[in-house]
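J.: Residues per chain, in single letters:
Number of protein chains: 2
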Amino acid sequence: MEGGDHLAHERKKAQFDVEAMKIVWAGSRHAFEVSDRISKLVASDPAFRKDNRPMLSRKELFKNTLRKAAYAWKRIIELRLSEEEASKLRFYVDEPAFTDLHWGMFLPAIKGQGTEEQQQKWLPLAYKMQIIGCYAQTELGHGSNSSKWWPGGLGKISTHAVVYARLITDGQDHGVHGFIVQLRSLDDHSPLPGITVGDIGMKFGNGAYNTMDNGVLRFDHVRIPRDQMLMKVSQVSREGKYSQSNVPRQLVYGTMVFVRQTIVADASCALSRAVCIATRYSAVRRQFGSQNGGPETQVIDYKTQQSRLFPLLASAYAFRFVGEWLKWLYTDVTQRLQANDFSTLPEAHACTAGLKSLTTAATADGIEECRKLCGGHGYLCSSGLPELFAVYVPACTYEGDNTVLLLQVARFLVKTLSQLGSGKQPVGTTAYMGQVEHLMQCHCNVQKAEDWLKPAVILEAFEARSARMSVACAKNLSKFTNPEEGFAELSGDLVEAAIAHCQLIIVSKFIEKLQQDIPGKGVKQQLGVLCNIYALFLLHKHQGDFLSTGCITPKQAYLANEQLRALYSQARPNAIALVDAFNYTDHYLGSILGCYDGNVYPKLYEAAWKDPLNDSVVPDGYREYIWPMLKQQLRTARL
Amino acid sequence: MEGGDHLAHERKKAQFDVEAMKIVWAGSRHAFEVSDRISKLVASDPAFRKDNRPMLSRKELFKNTLRKAAYAWKRIIELRLSEEEASKLRFYVDEPAFTDLHWGMFLPAIKGQGTEEQQQKWLPLAYKMQIIGCYAQTELGHGSNSSKWWPGGLGKISTHAVVYARLITDGQDHGVHGFIVQLRSLDDHSPLPGITVGDIGMKFGNGAYNTMDNGVLRFDHVRIPRDQMLMKVSQVSREGKYSQSNVPRQLVYGTMVFVRQTIVADASCALSRAVCIATRYSAVRRQFGSQNGGPETQVIDYKTQQSRLFPLLASAYAFRFVGEWLKWLYTDVTQRLQANDFSTLPEAHACTAGLKSLTTAATADGIEECRKLCGGHGYLCSSGLPELFAVYVPACTYEGDNTVLLLQVARFLVKTLSQLGSGKQPVGTTAYMGQVEHLMQCHCNVQKAEDWLKPAVILEAFEARSARMSVACAKNLSKFTNPEEGFAELSGDLVEAAIAHCQLIIVSKFIEKLQQDIPGKGVKQQLGVLCNIYALFLLHKHQGDFLSTGCITPKQAYLANEQLRALYSQARPNAIALVDAFNYTDHYLGSILGCYDGNVYPKLYEAAWKDPLNDSVVPDGYREYIWPMLKQQLRTARL
Ligand SMILES: Cc1cc2nc3c(=O)[nH]c(=O)nc-3n(C[C@H](O)[C@H](O)[C@H](O)COP(=O)(O)OP(=O)(O)OC[C@H]3O[C@@H](n4cnc5c(N)ncnc54)[C@H](O)[C@@H]3O)c2cc1C
Ligand SMILES: Cc1cc2nc3c(=O)[nH]c(=O)nc-3n(C[C@H](O)[C@H](O)[C@H](O)COP(=O)(O)OP(=O)(O)OC[C@H]3O[C@@H](n4cnc5c(N)ncnc54)[C@H](O)[C@@H]3O)c2cc1C
Ligand SMILES: [Ca+2]
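As given, the protein sequences belong to chains S and R, one line each in that order. Numbering-wise (UniProt numbering), the first sequence opens with residue 1 and increments by one. Numbering-wise (UniProt numbering), the second sequence opens with residue 1 and increments by one.
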């Protein structure tokens, strides 16, 4: 039993074409081919080894990250990788680094907010990494005397930063603007005069985000040349006069839509990784039933295990597809902006804000649930799950705190409703609000469990729930004389309405996906099962919303739950193949519990002995501390 | 602004006597006095410093733990501390160590399962720490050839273990029994012949549980002397004959009730710590409202912040009181057992299993929510929250996986219901099931929001919900011809019914607490607010249960939520004082964000510079990796 594929019997059970599903997951044959090739390239190169991360000290860890970043860049050049391939390579190296901020924030900020001239000056330097940049917005505390605090890449590596600061000319405060500031000498890396910069210290977890030099920055009388203010939207003239350009301010929102769309895509990656680990291990793990004496059961066959695991599997697919759609949305918005059409921007902005919040929150919780689904062994670093959680979870906070984002969505929903009266038609993901009269009084006509499999039934229930929750908020808000006070007082309900709206978006995009042509034996059918699991799981979890708004009856809620159980049974034989479809290498997964061949126990046993504590049989400290204790000699021991 | 108490204005707002609340929280004046004295003793002794934990390598960390354990033992002897004081001292040292298992599992196992003779032989050695023991039950995998895996203290320190293994005599399998096994030489600590033992490797987080040597153990032809089988309940004679003693087997359950009761008490400690940090920091932190330009608001004044934070504050108190009650329950059960009265044991067993599951799950999630409530800064190790989460979260898994425990509770509930017909009166926390007929048809008569403040109203709603969910499960189970199959199929619903039952227990014990005489100005009133917050928060969160079973109407659910909002406003001015009442030292809290004086920012700034990465301004690795990158020299660089 030592060698071979311990999950072969599971793989044989699959009722669909896994290879075809891989293409669907990747988005296209081309995307699959690139991912597959680059992930194998990384996995097969010992320079990208990462299993030792939890054991390294902060300094060793960080130095190792610098090595990997330099080596990755070297390979990118040597292999003449395209931009797409290069970014995939960084993705599969799977280690947060200053390069994330350089490529993901510094460059886009200059592209988005710099003038043509500024772009021509700075972008070529940045593209060749002759300068390294970060994005410095957040501050340590409140008040004017604060430091920049948190920017990734700032602490130890960046030579430059886009710094956000108040612009004051002639004693007038023009608000926050972006500036390109050089921080360190390009010769010896020492901070320039007047600049104090350092790392802000250890963060959550082993390895994890500690590979990143999140930094602190203080200025003491530092002069920033006028032409290093990012001046696409507003300018300061040589004479110190402030003015706005004719470029619309809204352009800036386009960048936010872009960044948040990538965060949604990352959510599906992180969640699918955790689900892949928990699913494979649940098929490997056997336990007695709670009535002793029964035969040993694969824990994946317990309904409780399924009811915790399969909704997360379905969520991973749901987030993948909504992420794909957001990519399209971003392209669409960009094209419209270029044509001076701003009509869809607020909706797109609210939609990406909400989806960022929802998918990151569900992913963070989902990773931790997957860890618990692995029982005790999930608590070991070698399971990969602790580090995956620790490295992922700040996504709930950065690029907009999740609660603050939901409040923005709620504000948009209330506004959309209030404009219905004046005849303004809601667009995009809020289009259903146009049918608000119907949605306020429609009745769900589910009679038997299978009725819940109909997309139209699901969609109407979710639309009605969301519309009714938003309308209830709007009604309650109208009772306040001061709208802002009302908004503050009711913000708890408003957040719940925003969540209902965003869940509807994800469900409806999954349903839309299924209306497309999807090739491959059984592929579409499996996705249908997952879509229904996702929707009915949400419906069960948020039963209270659906019942209190009268969208469904208790009997219908009961039938939905019954149908959900039946769906779990349908998903069960396909579970392993559904996670194989992610096409993750063992290197990328970084988990003994999730290894492809399922040969978990010998690998766990072997890995244990590599812990530094096992360097010696008798541990360091035995003579000084344990021996005197056992021998009752502590009184005289020096401790 | 640098010195002084930055939270003084908050402390002045309190509407109750904080000193009196401290006594309530501690349980008695005596308990308060001991905790206060010992926690200050630990806090003031630099030998117990712990803020460097995240930066230590595994070996340094572990050696440091050995030192602290020996030093603590030395102090316990020098100061002639009582057992109560000694255990408090270990508690406030706040670092998992082999001693936890020695005192918490090894000793109780011998006391619970050893004969008088065995106790006389082993206990004195263990009490003086002339031997160090652990508790070895869990195995790596399934199958007969597996290793012991996970026991704390086993990896590097224990000289002895209580090992659970199958007893086979004359070819007959008598099931799992406990054996005292010596693992290491008492002279030089080397493992005895045939014994392989080591550490299982790094676990979740920085510092955290990595101070513990969870271990792996293999035996190769090791003989265990017959008299080292724990023989209180069953014996093997010199001639190899197996027999049962007249001591009832159920005694063993008493030990489980004991251990799980301590876990519930620990839950309230861990959750209150996190809540204390998040509450103080929420009063320190200021942010602009989402509509820019408004004045800076303390984030604790946002309703969304309150609706996430205050239920956790209320839960900490709720868990404290239910834990106190469980301590009483354990004493009661023990006395009954000694009088050969087993009538309450199954109920006590189910109740502790369920409460262990509920409180540990809510605490783990609650700590993480508190971390998020602190925004980005909660992600720093110096906030204390990452380590608190990582060290706490395995409580959801050890001493019974939480899902498995809930299934046991559900089994007990179904059994209780089925015995109603035969006239068996349910006892203790299931007594309400005796009124099942009333509970199936009663109507909640809440008409206005304040009606939800009445304990009787809350209690009936929670009882009706729990009874109806259990009855629905029982009805659905009866449709299956094979009851075990039904139980497996419906286990998702059964778990939900078990949760409803356990939430009722916590709510009802909080209400019972309030029926006692509680001295101190305003103390009882504040606890009343917290009790109502706890109950109405649960009601809102699980609205779906209450509505689908028809226990309340949508209108009543709405009124409950309205009342909840009003309660948050009442709690707000008392929030800081309510966490001050935990009486935690800054040492025990281990969090810059939670420090008593609220002077957060200068401390964060100062702490950052202690990170090893800041040892040098230009980081290690710059010359090898960053310089060649900036200078386009990578092609020739050795990486
Ligand atoms: C790993 C990591 C990487 C980061 N990288 C960068 C970077 O590269 N560059 C950079 O500039 N920054 C970076 N940040 C900072 C990040 O953008 C901020 O942490 C984030 O914007 C949240 O702000 P905050 O930390 O001030 O939280 P706070 O705003 O202080 O949040 C604290 C609490 O207050 C609540 N709250 C705040 N405002 C409101 C409101 N208006 N209404 C209701 N509730 C409110 C929040 O919900 C939260 O519960 C990073 C942070 C992390 C953790
Ligand atoms: C930090 C830590 C310290 C520990 N210390 C000790 C120690 O000192 N001594 C010791 O002996 N052990 C110790 N343990 C082991 C611990 O007791 C086990 O991890 C725990 O009992 C859970 O068992 P498991 O790991 O086998 O999980 P599993 O049982 O494999 O759980 C995996 C999944 O299967 C599900 N599952 C399992 N059985 C069923 C069922 N019957 N019905 C439905 N679902 C089921 C679970 O819900 C879970 O989702 C420790 C563990 C940890 C993490
Ligand atoms: Ca570490």
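Rather than coming from a laboratory, the hints here were simulated on the basis of the structure. Please note: incorrect hints may appear among the correct ones.
The list makes no distinction among identical chains, and a pair is therefore deemed to hold if it is satisfied within one copy or across any two copies.
[Said to hold, decoys possible] Once the Cα atoms are required to be at most 27 angstroms apart in a straight line, the calculated BS3-like pairs of lysine-lysine come out as:
id, residue 1, residue 2
1, Lys479, Lys128
2, Lys603, Lys479
3, Lys424, Lys241
4, Lys479, Lys555
5, Lys128, Lys513
6, Lys241, Lys475
7, Lys13, Lys610
8, Lys610, Lys232
9, Lys555, Lys12
10, Lys555, Lys22
11, Lys541, Lys555
12, Lys121, Lys521
J.: Next, verify each hint and record whether it holds.
T.: Results for each hint:
When the C-alpha separation of Lys479 and Lys128 is checked against a cutoff of 27 angstroms, the pair qualifies neither within a copy, at 58 angstroms, nor between copies, at 70 angstroms. When the C-alpha separation of Lys603 and Lys479 is checked against a cutoff of 27 angstroms, the pair qualifies neither within a copy, at 63 angstroms, nor between copies, at 45 angstroms. Taking identical chains as interchangeable, the C-alpha atoms of Lys424 and Lys241 are never at most 27 angstroms apart, the minima being 39 angstroms within one chain and 88 angstroms between chains. For the homomeric pair Lys479 and Lys555, the shortest alpha-carbon distance between copies (18 angstroms) is at most 27 angstroms, but the shortest distance inside one copy (34 angstroms) is not.
Taking the shortest Cα distances, Lys128 and Lys513 never come within 27 angstroms of each other, neither inside one copy (39 angstroms) nor across copies (68 angstroms). In this homomeric assembly, Lys241 and Lys475 never come within 27 angstroms of each other (Cα to Cα): the closest approach is 47 angstroms inside a single copy and 79 angstroms across copies. Within a single copy, Lys13 and Lys610 get their C-alpha atoms no closer than 36 angstroms, and across copies no closer than 55 angstroms, so neither meets the 27 angstroms cut-off. For the homomeric pair Lys610 and Lys232, neither the shortest alpha-carbon distance inside one copy (55 angstroms) nor that between copies (40 angstroms) is at most 27 angstroms.
In this assembly of identical chains, the alpha carbons of Lys555 and Lys12 never lie at most 27 angstroms apart, being 38 angstroms within a copy and 52 angstroms across copies at closest. For the homomeric pair Lys555 and Lys22, neither the shortest alpha-carbon distance inside one copy (38 angstroms) nor that between copies (48 angstroms) is at most 27 angstroms. For a Cα distance limit of 27 angstroms, the shortest separation of Lys541 from Lys555 qualifies both inside one copy, at 15 angstroms, and across copies, at 20 angstroms. Neither within a single protomer nor between protomers do Lys121 and Lys521 lie at most 27 angstroms apart by alpha-carbon distance, with minima of 53 angstroms and 69 angstroms respectively.
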